[in-house]
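Residue numbers (numbering that gives the first Met the number 0), protein chains in the order written: chain S, 0 to 252; chain R, 0 to 252; chain X, 0 to 319; chain Y, 0 to 319.
Don't take each hint at face value.
Claimed, not checked - Facing chain X, from chain S, some residues (calculated, C-beta under 7 Å):
| hint | residue |
| --- | --- |
| 1 | Leu48 |
| 2 | Phe172 |
| 3 | Ala216 |
| 4 | Leu223 |
| 5 | Val226 |
Claimed, not checked - A short list of chain R residues far from chain Y (calculated; beta carbon distances all over 12 Å):
| hint | residue |
| --- | --- |
| 6 | Met8 |
| 7 | Glu17 |
| 8 | Gln25 |
| 9 | Gly26 |
| 10 | Leu31 |
| 11 | Arg67 |
| 12 | Ile68 |
| 13 | Asp101 |
| 14 | Ala156 |
| 15 | Glu159 |
| 16 | Lys166 |
| 17 | Ser178 |
| 18 | Val219 |
| 19 | Ala221 |
| 20 | Cys238 |
Simulated from the structure, these hints should not be mistaken for laboratory data. In this text, a Cβ means the ideal position worked out from N, Cα and C, and glycines have one as well.
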Amino acid sequence: MMPKKQEMMLLRQEQVGEDIFRLTLQGEVAALPGQFVQVGVAPALDPYLLRPFSVHDCSPDTLTLLYRIAGRGTLLLSRRQPGEMLTVTGPLGRGFPAGKADRAVVVAGGMGAAPLLYLLRFLRAAGKDVAFFYGARTAAGLVLQDSYRSLADEYTAATEDGSAGKKGLVTQFVHPALSGKKADLYACGPLPMLRAVAALAKEAGADCYLSLEARMACGVGACLGCVIRGADGGWRRVCTDGPVFRAEEVFGR
Amino acid sequence: MMPKKQEMMLLRQEQVGEDIFRLTLQGEVAALPGQFVQVGVAPALDPYLLRPFSVHDCSPDTLTLLYRIAGRGTLLLSRRQPGEMLTVTGPLGRGFPAGKADRAVVVAGGMGAAPLLYLLRFLRAAGKDVAFFYGARTAAGLVLQDSYRSLADEYTAATEDGSAGKKGLVTQFVHPALSGKKADLYACGPLPMLRAVAALAKEAGADCYLSLEARMACGVGACLGCVIRGADGGWRRVCTDGPVFRAEEVFGR
Amino acid sequence: MTPDLTVKIGKLTLRNPVMPASGCFGYGEEYAVFYSLEQLGAIVVKGTTAKPWTGNPPVRLAETPAGMLNAIGLQNPGAEAAREKIRQLQQYNTPVIVNVAGHSPKEYLQVIRILDEEPAVSAYELNISCPNVRDGGLAFGTDPQVVNTLVQAVRQATEKTLIVKLSPNVTDIVAIARAAEDAGADALSLINTLLGMAIDSETRRPLLANLTGGLSGPAIKPVALRMVWQVSEAVHIPVIGMGGITCAADAVEFLLAGATAVAIGSAHFINPTVCPEVVQGIAAYLTRHGFRAVREIIGLAKKAAGGEGEKDAGKDHCRS
Amino acid sequence: MTPDLTVKIGKLTLRNPVMPASGCFGYGEEYAVFYSLEQLGAIVVKGTTAKPWTGNPPVRLAETPAGMLNAIGLQNPGAEAAREKIRQLQQYNTPVIVNVAGHSPKEYLQVIRILDEEPAVSAYELNISCPNVRDGGLAFGTDPQVVNTLVQAVRQATEKTLIVKLSPNVTDIVAIARAAEDAGADALSLINTLLGMAIDSETRRPLLANLTGGLSGPAIKPVALRMVWQVSEAVHIPVIGMGGITCAADAVEFLLAGATAVAIGSAHFINPTVCPEVVQGIAAYLTRHGFRAVREIIGLAKKAAGGEGEKDAGKDHCRS
Ligand SMILES: Cc1cc2nc3c(=O)[nH]c(=O)nc-3n(C[C@H](O)[C@H](O)[C@H](O)COP(=O)(O)OP(=O)(O)OC[C@H]3O[C@@H](n4cnc5c(N)ncnc54)[C@H](O)[C@@H]3O)c2cc1C
Ligand SMILES: Cc1cc2nc3c(=O)[nH]c(=O)nc-3n(C[C@H](O)[C@H](O)[C@H](O)COP(=O)(O)OP(=O)(O)OC[C@H]3O[C@@H](n4cnc5c(N)ncnc54)[C@H](O)[C@@H]3O)c2cc1C
Ligand SMILES: Cc1cc2nc3c(=O)[nH]c(=O)nc-3n(C[C@H](O)[C@H](O)[C@H](O)COP(=O)(O)O)c2cc1C
Ligand SMILES: Cc1cc2nc3c(=O)[nH]c(=O)nc-3n(C[C@H](O)[C@H](O)[C@H](O)COP(=O)(O)O)c2cc1C
Ligand code: FES
Ligand code: FES
Chain S
0 MMPKKQEMML LRQEQVGEDI FRLTLQGEVA ALPGQFVQVG VAPALDPYLL RPFSVHDCSP
60 DTLTLLYRIA GRGTLLLSRR QPGEMLTVTG PLGRGFPAGK ADRAVVVAGG MGAAPLLYLL
120 RFLRAAGKDV AFFYGARTAA GLVLQDSYRS LADEYTAATE DGSAGKKGLV TQFVHPALSG
180 KKADLYACGP LPMLRAVAAL AKEAGADCYL SLEARMACGV GACLGCVIRG ADGGWRRVCT
240 DGPVFRAEEV FGR
Chain R
0 MMPKKQEMML LRQEQVGEDI FRLTLQGEVA ALPGQFVQVG VAPALDPYLL RPFSVHDCSP
60 DTLTLLYRIA GRGTLLLSRR QPGEMLTVTG PLGRGFPAGK ADRAVVVAGG MGAAPLLYLL
120 RFLRAAGKDV AFFYGARTAA GLVLQDSYRS LADEYTAATE DGSAGKKGLV TQFVHPALSG
180 KKADLYACGP LPMLRAVAAL AKEAGADCYL SLEARMACGV GACLGCVIRG ADGGWRRVCT
240 DGPVFRAEEV FGR
Chain X
0 MTPDLTVKIG KLTLRNPVMP ASGCFGYGEE YAVFYSLEQL GAIVVKGTTA KPWTGNPPVR
60 LAETPAGMLN AIGLQNPGAE AAREKIRQLQ QYNTPVIVNV AGHSPKEYLQ VIRILDEEPA
120 VSAYELNISC PNVRDGGLAF GTDPQVVNTL VQAVRQATEK TLIVKLSPNV TDIVAIARAA
180 EDAGADALSL INTLLGMAID SETRRPLLAN LTGGLSGPAI KPVALRMVWQ VSEAVHIPVI
240 GMGGITCAAD AVEFLLAGAT AVAIGSAHFI NPTVCPEVVQ GIAAYLTRHG FRAVREIIGL
300 AKKAAGGEGE KDAGKDHCRS
Chain Y
0 MTPDLTVKIG KLTLRNPVMP ASGCFGYGEE YAVFYSLEQL GAIVVKGTTA KPWTGNPPVR
60 LAETPAGMLN AIGLQNPGAE AAREKIRQLQ QYNTPVIVNV AGHSPKEYLQ VIRILDEEPA
120 VSAYELNISC PNVRDGGLAF GTDPQVVNTL VQAVRQATEK TLIVKLSPNV TDIVAIARAA
180 EDAGADALSL INTLLGMAID SETRRPLLAN LTGGLSGPAI KPVALRMVWQ VSEAVHIPVI
240 GMGGITCAAD AVEFLLAGAT AVAIGSAHFI NPTVCPEVVQ GIAAYLTRHG FRAVREIIGL
300 AKKAAGGEGE KDAGKDHCRS
């Protein structure tokens, strides 16, 4: 779908965790899983830039975002009330592809879970067998677990401090899920986690798709502000060449 | 009272006319009638400056403002919700004095009515005989008439287009109220109205107190941004030498 | 009657006075999905150099109060590759202005040489905020003599409309403007970004890998307006005003200050359809105030101010 | 343990590095009702001239995105009357810095002559953004040679701590800074306001009666930080950083960029108790990060940036 700019009405603003909110807007942003939108958090010139958020879920008449208060922009966003209008541009970027294998292993780290709910829904609709791994530092970082669990065939949660699920880094528990049937790997989370997932994929010979982040201005590929260095040494714009990249493109083979 | 800066909770935000709101905040700003406060309209750096508003009413635990949406700042203010905190500095400036005469004639033009409700209350408490004149361009500009009427011994409304009260400029109807007992004159409204009131006062030999406006930055006399030229050719800071001035100080004798 | 929005910049007649600012619009394709670029007065493409430039390492962006810093470092594919992209823009039947950059006069001239035969290129905008490697890295745009020499050289190399884009990081922008005019520029555009910096108090590091970056957005609008006012009354060629425009009222302010056209940069990042919205807003403004043509309001604030513009513009009074 | 906040500026030891910026704090009395001025590192008073100045006609203020313009025009009661006000400040046991202005070197020297015997005056801050009437109205602060001459003359006239306040409206602030240092300045303060303008699109007039005014507030912070960074590594005397500080994090950024102390201007207008709040915030920051003294963080962002400061600070890379 072509991106467009629209004014969307805020329907619901739910606190679903410590500092974590689920925001539902009215209207259609025909997004693919892994795509994102740019949101005007406040009707003023400060903060100036839009804020990028992954599509957490979407339907023909709603768009749902899942976000954490990370600074001033997200704080202001969390104060917006039902009935208010927000400017939203999207869908933007390249999402997750359907993949070739019948099995999908999806790994979420903290807020990296945001785009993966819609991905689970999409994979399930495509008839895949889905294993979902959800990691966070502490129990407080695992939100909406019921929703994620209900969309996965296998569900594993892990926290670094063991306060919920298994104790350890989530990537430690992924290996068995890759040892059987050929699977595609999908992940979103902090960079060290993505690196670990890429290594697992390489070992298993699996296709691997990673969703990245960068500071953005335009979000549409025009300003060249969000580049990261690709494994070939060339630049990639996270907003339009990504945010989802093949693991090799970022970490090499 | 010494001014202070405080965070005040928004209790009520009532629309009382077209684009006109009454805002009630929790806390004490021990103001005299005619004094004003500086309000942070939004928790952001844009708009940057505070907005000055007269004390419309106040009690030991509330502060009430009456304001019109005049631009972006007041628009943002009108969107603030009950429970939110606003930064308020005050009381600021010199208010209306009690006056020497037993009778007070008070003239309001449009939003100039804002500081005069509290003045009426104050004059009544001082045992004065009060005549209140309330003018606006159209009926829509006359708000909270019942409150004003209940605090005045004589009440006259006028609109330029005759859509409510007498038809004409409110100042046309003030003369009779000055012809009997000696009275002090009080007014707040647009400059041409204030000029007319000052002329009426001069003619009647009455003491006359006018509340003025100017663009402000500090509101406390430090920046010298809000000056107007006094009748003697010298500068007056509206924020600290005013906002209430004796008519002669501004328009001469 | 819809007002006449046309304006002239050098040899070009623009259907309206609104164009994107260089570097904020890529080579046009990214925004063509939002609206037809035929709605623009002109298309201004990314700063283009003779050879490809890789630009600066990330982080390249930082948000600032009512603005942003960028340190893209003129990443661009070079003039040859740019030409292919520019050809794609011909479909929009809108003049294409190529922003030209280089580290030496020779590099600027190479770009002109590569592009000058290309009919898809309507005009050049010389970005003289680039560091002059020969002259110790100080930007070309900070010395009137250097500007004069560079602009003369380019003037001799092309018949196309030549716009010179001024840097605001100077003591006397009027002197630079006059130097460019004297050297044969057809128009001036201003302002480029203000040199700024951001530091993260928590990590205790500059936010940009390049340390400093260019400040753009509403924060700089007052500086831009002042410079457009000063320059437009000091020269006889048209001025394209920019710096912090986010809406039609902002654009009108620049026109009133003396700009013949306006460019919109970082506001694209908060509103991808800002340009067509500003075009419509200017037309609505003209209609509402009874003007028949946008030309009628160019410099009008100066007449209101009693023509005492240059004298008063910051020279005679101590400001604070 | 509460961290050591003291810093030295010339002959003065300040109890903390926070002071109001000149012109935003009157002669102190207006803010003394909000808190005891003993909480300040220093008190900086309004620009003071030999004779009273009436300043500019109103409108003198305009709000801008994340900032404001002022065109007060240095209204002040003159040095004699100022002295009386300054004496009142002695009760706070806090150094008083007098901002000095004039239209000619002679006028600056007259102020010094009137105030130099006054023990209540601890230091001077020369405001060199004033138009130099003799030199055709261009500000003193835009020419290194003129700065050097002026500062030398004042240096010879006083033993008190001499701070020179730099104008940001220049091509090369480092050259001006060095000229002031060479002439004997004990410290530099920067930045003064950027020259700007605002136009009302509806009335089609400039908002300020003076047409142009000085831009201050958060909008200019990136420019101020960049200049503080550049200047503090080019000179050997302390720098007082200012421009857009509204909270402790902003102040810390200036210290990390190389400022020894900070001044807070227009933020007073949005928060009358900003100075003591910033003092407390800096102390909390130091404690949280395990620093024992504010001196430990001065210039720390430069070390983080690998010391390549001056070279990289906007010279070698084309910014956009
Ligand atoms: C494609 C994409 C998708 C995203 N999806 C989500 C999501 O679904 N849910 C969610 O909670 N967050 C998401 N983010 C991150 C989100 O954009 C930032 O948390 C947000 O912009 C921070 O804004 P702020 O004003 O609150 O914080 P700021 O005050 O601007 O910064 C706070 C912190 O956030 C970091 N930050 C700022 N901007 C970005 C950015 N663009 N990308 C990454 N980090 C940033 C800063 O480094 C800083 O440490 C996404 C980012 C990208 C690029
Ligand atoms: C002492 C004082 C008391 C006031 N009391 C009240 C009150 O009780 N109720 C009320 O509705 N308004 C009052 N005002 C006016 C009020 O401050 C302005 O309407 C408000 O600041 C406009 O802010 P804005 O952002 O909405 O408009 P802006 O976008 O800033 O401006 C909109 C219009 O308002 C005018 N304006 C802006 N600032 C001021 C100012 N400080 N004074 C006068 N006009 C201004 C501008 O010229 C412009 O035409 C008072 C002003 C002063 C100085
Ligand atoms: C991301 C970005 C890239 C830019 N690239 C260029 C460029 O290549 N050439 C140029 O002359 N100006 C460049 N500029 C400056 C803009 O064209 C414009 O002059 C400046 O941003 C001020 O306008 P604005 O406030 O509307 O953004 C760039 C600005 C930004 C924000
Ligand atoms: C209303 C006002 C008056 C000022 N008066 C003076 C002055 O008299 N002398 C001076 O050197 N600077 C003066 N300045 C500049 C400030 O001292 C300071 O350098 C500038 O405002 C930047 O700091 P800020 O962004 O914190 O306001 C004034 C600034 C403002 C806003
Ligand atoms: S954010 Fe502008 S190119 Fe990616
Ligand atoms: S608003 Fe600052 S002196 Fe009146």
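Going down the list of hints, with the structure as the test:
Evaluation of the Leu48/S hint against chain X yields a held restraint, the C-beta minimum of about 5 Å falling below 7 Å. Hint status for Phe172/S: violated, given a least beta-carbon distance of 32 Å to chain X, over 7 Å. A cut of 7 Å between beta carbons decides the hint on Ala216/S: the least distance to chain X is about 4 Å, and the hint holds. The interface hint given for Leu223/S holds, since its Cβ lies 5 Å from the closest Cβ of chain X, which is under the 7 Å cut-off.
Evaluation of the Val226/S hint against chain X yields a held restraint, the C-beta minimum of about 6 Å falling below 7 Å. In this structure Met8/R is separated from chain Y by more than 12 Å, as the shortest Cβ-Cβ distance comes to about 18 Å. Listed as a non-interface residue, Glu17/R keeps its Cβ farther than 12 Å from every Cβ of chain Y; the least gap is roughly 20 Å. For Gln25/R, the requirement that its beta carbon stay farther than 12 Å from each beta carbon of chain Y is met, with the minimum near 20 Å.
Even its closest Cβ contact with chain Y, about 16 Å, leaves Gly26/R beyond 12 Å, as expected for a residue assigned away from the interface. The Cβ of Leu31/R lies farther than 12 Å from every Cβ of chain Y, with a closest approach of about 16 Å, so its non-interface assignment holds. Separation of Arg67/R from chain Y is adequate, the least Cβ-Cβ distance of about 17 Å exceeding the 12 Å criterion. At roughly 16 Å from the closest C-beta of chain Y, the C-beta of Ile68/R stays outside 12 Å, upholding its exclusion from the interface.
Every beta carbon of chain Y lies more than 12 Å from that of Asp101/R, the smallest distance being close to 34 Å; the non-interface claim holds. The Cβ of Ala156/R lies farther than 12 Å from every Cβ of chain Y, with a closest approach of about 30 Å, so its non-interface assignment holds. With a least CB separation of 22 Å from chain Y, Glu159/R remains clear of the 12 Å interface cut-off, as annotated. Chain Y leaves Lys166/R outside its interface by the beta-carbon criterion, the shortest separation being 29 Å against a cut-off of 12 Å.
The claim that Ser178/R lies off the interface holds: its Cβ sits roughly 37 Å from the closest Cβ of chain Y, which is beyond the 12 Å cut-off. The claim that Val219/R lies off the interface is violated: its Cβ sits roughly 5 Å from the closest Cβ of chain Y, which falls inside the 12 Å cut-off. The claim that Ala221/R is not at the interface with chain Y is violated, since a C-beta of that chain comes within 12 Å of its own (minimum 4 Å). Once the 12 Å rule is applied to beta carbons, Cys238/R is inconsistent with being away from chain Y; the minimum gap is 10 Å.
Violated hints, listed in ascending order, are 2, 18, 19, 20; each of the other numbered hints is respected by the structure.
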